[in-house]
Each structure stands twice: as C-alpha cells, then as structure tokens.
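Model the full structure from these sequences, guided by the hints.
Protein chains: 2
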Amino acid sequence: MAFFREAEKEGLVDAHYERLSALDAAFLEIETPSSHMHVGMALLFEAGPLTRNDGGLDIAPVRRFVASRIERVPRYRQRLQLVPLQKHPVWVDDEGFNINYHVRHTALPRPGSEEQLKQLVGQICSQKLDRHRPLWEMWFVEGLADGRFALVGKVHHCMMDGASGVDMMAALLRFDAEVPEIAEPEPWSPRPAPNRSELLSGELRRQSGRARSVFERFMQMRDDPQRALDSLKDAASNVLSTIGSGVVPASPTPLNPSQIGGYRRFDYAELPLPEAKRIKRALGGTVNDVVLATVAGALRSYLHDKHVDVASLDFRVLMPVNARNGRDTGLGNRVSVMLSRLPLEEADAARRLTKVTELTGEAKRSGQHQGAELVEELSDLTGTVLISQSMRLATRIRSYNLVVTNVPGPPMPLYLLGAKLEATYPVVPLYLNQALGVAVFSYADKLFIGLNADFDRLEDLELLPGLFEQAFAELGRAATATEAATDAATDAETEAETEADRRF
Amino acid sequence: MAFFREAEKEGLVDAHYERLSALDAAFLEIETPSSHMHVGMALLFEAGPLTRNDGGLDIAPVRRFVASRIERVPRYRQRLQLVPLQKHPVWVDDEGFNINYHVRHTALPRPGSEEQLKQLVGQICSQKLDRHRPLWEMWFVEGLADGRFALVGKVHHCMMDGASGVDMMAALLRFDAEVPEIAEPEPWSPRPAPNRSELLSGELRRQSGRARSVFERFMQMRDDPQRALDSLKDAASNVLSTIGSGVVPASPTPLNPSQIGGYRRFDYAELPLPEAKRIKRALGGTVNDVVLATVAGALRSYLHDKHVDVASLDFRVLMPVNARNGRDTGLGNRVSVMLSRLPLEEADAARRLTKVTELTGEAKRSGQHQGAELVEELSDLTGTVLISQSMRLATRIRSYNLVVTNVPGPPMPLYLLGAKLEATYPVVPLYLNQALGVAVFSYADKLFIGLNADFDRLEDLELLPGLFEQAFAELGRAATATEAATDAATDAETEAETEADRRF
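First to last, the protein sequences are chains U and P.
For the first sequence, this note's numbering assigns the number 94 to the initial residue and increments by one for each residue that follows.
For the second sequence, this note's numbering assigns the number 94 to the initial residue and increments by one for each residue that follows.
Everything labelled a hint here was simulated from the structure, so no lab data went into it.
As the structure is a prediction and not an experimental result, all values here were calculated from the model.
Any given hint could be a false lead.
Identical copies look the same in the list; a pair holds intra-copy or inter-copy alike.
Cut-off 30 angstroms, straight-line C-alpha distance, at most; resulting in silico cross-link-like pairs (DSBU-like, lysine-lysine) [claimed, not checked]: (1) 539 / 513; (2) 221 / 211; (3) 399 / 457; (4) 180 / 221; (5) 211 / 370; (6) 399 / 180; (7) 539 / 457; (8) 513 / 399; (9) 539 / 370; (10) 539 / 211.
As structure tokens, then:
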C-alpha cells in the first residue's frame, strides 16, 4: 500500500477507476429521501450445517465465505467518487473496506413468525445505503420459528439491476449441498484511487473521443443522408411512444399518491411455476403474461374493495426488460422498459389473460425497447440529465401506475455452504408517486412475489398475497375448463374420425 | 376529525402549533448526513414479568403501555412543519401517528452477548430519524444471554436534551416493582394543523411582538444608558470567552479527524457512584470533576499508546450544563455549555483531579454559561442562523476536542411494568470533527458511561472501557493514600492532644 502511494505520487502507477454509465448514474440522481434506489432480496434457507449448538446461526464461516468470494465481484469493494466540477460518479477501490460493516448478523424476536420477518425486511429496505462505502449490505437473520435462517440483501440500483443480481448470487450459491472449502481470502491491496487531476484529464480524453464519434455520425449522414434521417425519425418516434404514452396520464388510484414516505412495508406470496406453465399452454400468452394477468386480477379486487371504479381505469404497468445479449455479462444496468395497459376492467380471468397477451404483444411490436435504449445512448452523449429527467417526468406525469419486475432465476435448487435455499423474495424500489411495487423472481419450481409498499399508504398490504393467490387460482380454473373443452372437442373429433373410419 | 376539518375551513377552530426555540431549531439545522443529532439511551432490564413462556419479550403490553403513557408527553405525537418562506419549524399534531412505527421489537442473534448488543446500539444510532414523523424510536430488544431485555431509545436533540430526557423516562418508569394497570389509551384526535396563511399570520404577530421588545430595550437604554452598556459589554465578552476560546484551536488528535462518517460504534463502562463520592471527599472537587479526571486519565493512556505526545496537548472538553431552573420543567433544550481544558499531561491521578477542579472552577467563574445563554437570546431575535453558525464554527475551528455530558439520574431503582431497570447507557451525538463522544448518566448507585464513536476512525474503541476503569481505580488508590495520611495525621494530632492533656 505504502508502495502504491509513493508510486502514485511519482506518477508511476495509473489511477484505477471506472466511469458509471449514464443509466447507472441516473439511479443515484433520482434517489430522494423518501425514494430509495436499492434493490433488495429476502432469501430463506434451511438452517442445515450452519446451525450452532445453541440454535443460532454460525456467522463466522458465513462472513469468511463472503469475504473469500468477494473477489469475483470487484464492485463489492468499490465506492463512489465524483469527478471534480462535472460531478459524474466513478468507481474506485475502497481503502477502508471492512467486511463486518457489510455482512451483518441479527435475529427475529420470538416467536420468529413470518410477519416479524416481513417487518424486518421493511425496516432494512427503509434505510438508504451509505454512499461513502461499497453500496451493499447483507443481513443474516436467525431466530425464525421453524429453524430456518434468512438473508436480506440490499444493493444499490446503480450497481446492479435484477438480471446481474443473479451474478452476485452465483458467487455465493452452488448447485449441490456439498459444503465448499472456504478459501483463505487473497490479500487485497486497493488500487490507488485517482486524484483530482487524473479524474479531470481522464474526462477530457473521454470528451474528445465523444467529439470524434459525433463527427463520425455527421460523416455518415453526409454519405447517406436519407438513411440517417430515417433512423433518427424512427428513434425519435420510439422515444415518444415510450415516454410520451404518459402525455395522457394513467388513471389516479390509491396506489399513486402525490408523494410517498421513506418507510416501507413488505409482504410476499408464491405461486407454483408448473401451474403457470399449464395456464399459458391452455389459455395462451407467456409466463410473464400469466404473471401480469394475476397482478391485474389481484389489483382489480383490491381497488374494487376501496371503491375505485375499476371498469373505467386506464391502469398502466412499467416492466423492466433485460436488454443484455449473450456477450454482455458485466455488472451495471442493461435494462430497457416496456409500458403496457392492464385490463383491470375485465371480470373474466381467461379473457383478462387474453387481453394482457394482446396488450403486451402490441407494446413489443411498437418497438418501445429500442426507444428506451436510445434514451440511454443519447444520455451517454448528453450526460445523465436527459435520462434522470425523463425518469422523473415519467413518474410525475403518472405515465404508469405500477412497476412490475419479473426476473427469471435458476430452475434448480441452490445451496449456501450446504444450507438449501428455499425461497427468494425480491424487493423493487419505489419511485416518487408509487406506493406499491411488485417484483417477481422465479426459482426452482416457484414464482416468488415480493410486495414493497409505502408504510403509511398501504396499511392493508397484508390483504394482497391472498388476492394474488385467488387471481391465480381463477386462471387455473379457467385453464382447466379450457383443457376440458379441448379434450371434449378432441374426443368428439376422434369420435367423428372413428365414425368416418367406420364409414370406409 | 371530520368536524375539525370543517370547522377549520370555516375558521372556527384555531390551528394548533408551537414554534421551536432558536436553540432547538439549531439542532435540526446543524444535522448532516454523517452527523446525526439524536440522543440515545440503551437501558437494560431484568426480564421479570415481561418474559413470555418461550423466553421472548411480551411486546404487546409494552406497546399498549407506551401508547397509554404518551399523553403525558404530547411532543411524542407531534411532527415538524415549516413556516412558509421563512422555513422556521413548528410542532403540529401528527395525523398519521402510528405507535407500531415508533415502538419496535427486535432480538439479538445468539449467543446474545454484550458485544452483540453494543453492535446493535451502534447500528440503531447510525440511522437518522424520519423528519416527517414524531422524532423518536424505541427498540425493545430480546435475546440477551442472561434473560434480560434492552430498550434502545432514540430522540432528536431538537425535542429534548439530556435533562428533559428524564421526564420521558418518568412517564414509563416507576419507583416500585408493582405492575401498574395499563389504562386504555384515551381516544386521540389530532388538533388541526395550521395552514399556510395561519402560519404566516402567526409569524407576523410574533415579529411585531419582537419589535416591541426591541423598542422596550431601547427605552431602557435611554433611561439608564450606562447600565445597559455595561450589561451589553459583559454579555459580549462572555460570548467571546466561550466561542472565542477556539480562536486558538485545541490540539489536533486522532479523535478529531477533519470529517467523520455516518456509521457508529458503541461501547460502555460503569463506575460505582459511592466510590466516586469517596474520591471527591478525599481529594476535593465534585463528582463531575472526578468523572472528568477519569476521562482525562483514560484518554491520556489511549492517546499515549497511539504515539500522541500527551505532555504538550491543549485538550479541551465541552460540557453541556443544565440551564433549567426550578420553574422551568418544559421539554426542549434549556442547555448551556462549559468549555474547559483537560490536563492529559498530568501523570499523577490525584494531581490530575486537583488540576481538573481548578480548571472547571475557572470556567465557572468566567461566566461562560451566561455567555452561551446570551447567544441563545440573541438568536431568538435574529433567527437560528447565529446559533447554528456559532455551533458549526466552534467545531470547525476545533475550539474543543471532546464533548462530555454528565446528567444526574434518579438515585433509586426504577421499574418498567415490573421489570427492574439495571443499567442505562447514554449516547451523545457526534459533531462534524468529533470521532468520540462521552456521555455519563448516574442511576441508583452507579455512573453509566456511554461511548459513541465513528465506526471507521475508532476501530479499537473496545479498549476504552478498560482504560476508564483503570483511571478510576488510580483515583481510588490516591484517595485511599490520602485518607490513610489524613488518618495518620489525625491520629498524630489526637496523640499530641492526649500528650498535651497528660501534661496538665
């Protein structure tokens, strides 16, 4: 370390840092005291070999294990630093990194009910991450009534979206119950952080590169002006169709107060994945459409009981879509969005799913994705202002009512130091006027639904899990009815064929 | 409620609010993301009748009890609101008050060691209070190894200082082990909060009253110009002697980094009060001087081990002094300060106490108190700017190294719903460049010392409790030696007298 410092002074060693993308930085910029921009995850484990004799959780090996695996995700030992003047954030190694700050050990009070666990998740997710440190926390929770333990994780959205979250889990979890040898963590020397002038000169280099790219675009336009214009027009209209959908605001609902508070209430539900697949086979659409139809059914009941006129609602959901391709496995956000109306007016479950499938199909065809990606590309040219402004704008003009994330997770069981992962409930952040957020994560043969809500504005959040199960069961019954009808038709057909056979 | 709202619209009911004093408001103003302005308290109780069959803590009656007693401390159901334009805060009833937000139930992980409790206190005190709600939290903690439970309390400094903190405890605690009947909480209707125009017109009335008081002062000056001038000069020089002591900054030490972080580390110690009294009787000074001599001895060792040249230190402590008189029993801050050098250079315990006694005597005689009170009075005339600026200034120019608070608590045992209070460790907030704060609270026959510290800058905080005990034991030995010498002298005198008697 001392060597590096000396070397740095002499200018012998390059300063190490990495610039945040415009989208990643936007998640820092739109954070407010009541709108936290971290994503969370509550994982439930069988206690397994991590149980101590006194019934507690053996935290020491867990902490050593996290420390040994952290090398695979370098971002977990990096903190933010700001480029002088311009104030754009970059990642630098955290010289004061202390694993005990990030990996915490806590317990539920007795009896250790699920309700108490949910309360704890709400409390943990109500607190901002410290911007002077690597932007993550892991809370290991013992004292669950049935001997299980929980892991409540928190990571800032600027550091990873849902899809790259799987990468972090992958570093800790394995596909078999064998307890891995805990490697002695490699001695780590933080690489020298850049000083003021290094940051400024780096930014200067970047800006001149940008100038070249603008120049190249200009040249391209000169060579084939019509093509360039067309692509610009396409792009512009796509941007409009995404953000601009909000020019006519979505309907006002109790889920969209003018401002939420900073304290959170958390609840969860789970649905069987094979059943979701059966429903989609019988009634059409994708698993994601089945999830959305379930959300629509649950919210239809919930809002109806609050005397909202669901028949006349223009209720819209925003869904992040993974925009990663095969090559692109890095951390950070490579996410785009899809905006779709949800048919809360539809009383019949099967017809609700059909409508959802039509609506999401339209959204996909309209090329919204590319629109949102262009916003991101433009932002890399213009700084984070455009993207964070458009995010704020989309919320303020109520261009949507609800965020629903749906991230596919691993289909087979996972283990942490031999303890089997049983459930994994995701937590999606809430924006300015969003009192509820729905996150779905599939793991093994289940869909785990995490419901993150404003503490004051959704005091009856506990009603929602039941409504989700009910709406899903309705879809199941509709699927069974359709299957029966199809079977009957097939039987009739077969019979008719047999009859025909007989004729000849 | 509906009635009140209607009445308010009609202008039939006065809006209810109370303006914060300049000093109270200053504690809001000087709060930064890393410098939290809440005071804390960790109380340890024998579990007693609050233990459930499963070993947990029966939270339901505790919560009902707090709810029933809260009427006695109305501030606990009030939140902040800002006067438009001027932005000065006032207290208004919290319409959304929810006891479950404020009274929380948690547990230590096994084995439930004191170290784990200290970690939890550090975590709880690292988080800001939500400014949109009444500014307090009570965390009831079960799972301590010996069957006890803890109460970690947090109250914003703008709402109560150490002395009025006793009033809050008084509402919950009683002098006997009898379990009181828990009264059904009175139905509570929040009184209508003022609207914009009410706040503005109220402020206008206040300002004109203020103008009158300035006018009266002026008339008084005309009648007796010399007396008025003298009192102004006295006041001004007192202000200078308090804040101005910092014009020559105190010595730099590892306890005073240029900036602390927002995360806290907590530790504690306890000293027997009768022994402190024996020391003061034998060696002179007050119990507070004995505490300061102990602090001086402990920090002398601590800093010496860090290769600080303690012989040449100008080390200064700032001590809040209760400025309440008998009549004045309200909430809020009625606190003044005393600034004194601590003789860390003195190796001999007895001489250290003598020097402390001289130094605090000087500080008292110099009339610093009145100086600080004048700052407060001036601030009520000029707004909070002067007081918060002078607080910030005093810290920035390092006019002191350490805050030591010493609040006398009740001398007899107290009980919460029949559970005996065993220990009570106070937590004092840390200012900008203060990495350590020492708070002392006397209860029953003990002095309880709470050590609040910056998590990163005092990684070895755990060394301090031992050093406190050691420094106190040194004073005890010095007292014993003096007592022995006095006894010998008295014996010699008695013998001489007897001799003299014999002569006649």
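Against the structure, the hints:
1. 539 / 513: within (15 angstroms within a copy, 49 angstroms between copies)
2. 221 / 211: both (18 angstroms within a copy, 22 angstroms between copies)
3. 399 / 457: neither (32 angstroms within a copy, 65 angstroms between copies)
4. 180 / 221: For residue 180 and residue 221, the Cα distance is within 30 angstroms both inside one copy (20 angstroms) and across copies (25 angstroms).
5. 211 / 370: within (28 angstroms within a copy, 50 angstroms between copies)
6. 399 / 180: neither (45 angstroms within a copy, 37 angstroms between copies)
7. 539 / 457: within (26 angstroms within a copy, 71 angstroms between copies)
8. 513 / 399: neither (40 angstroms within a copy, 47 angstroms between copies)
9. 539 / 370: Classified as within; 11 angstroms inside a copy, 67 angstroms across copies.
10. 539 / 211: For residue 539 and residue 211, only the intra-copy Cα distance (19 angstroms) is at most 30 angstroms; the inter-copy one is 39 angstroms.
Checked against the numbered hints listed earlier, the structure breaks hints 3, 6 and 8; every other hint is satisfied.
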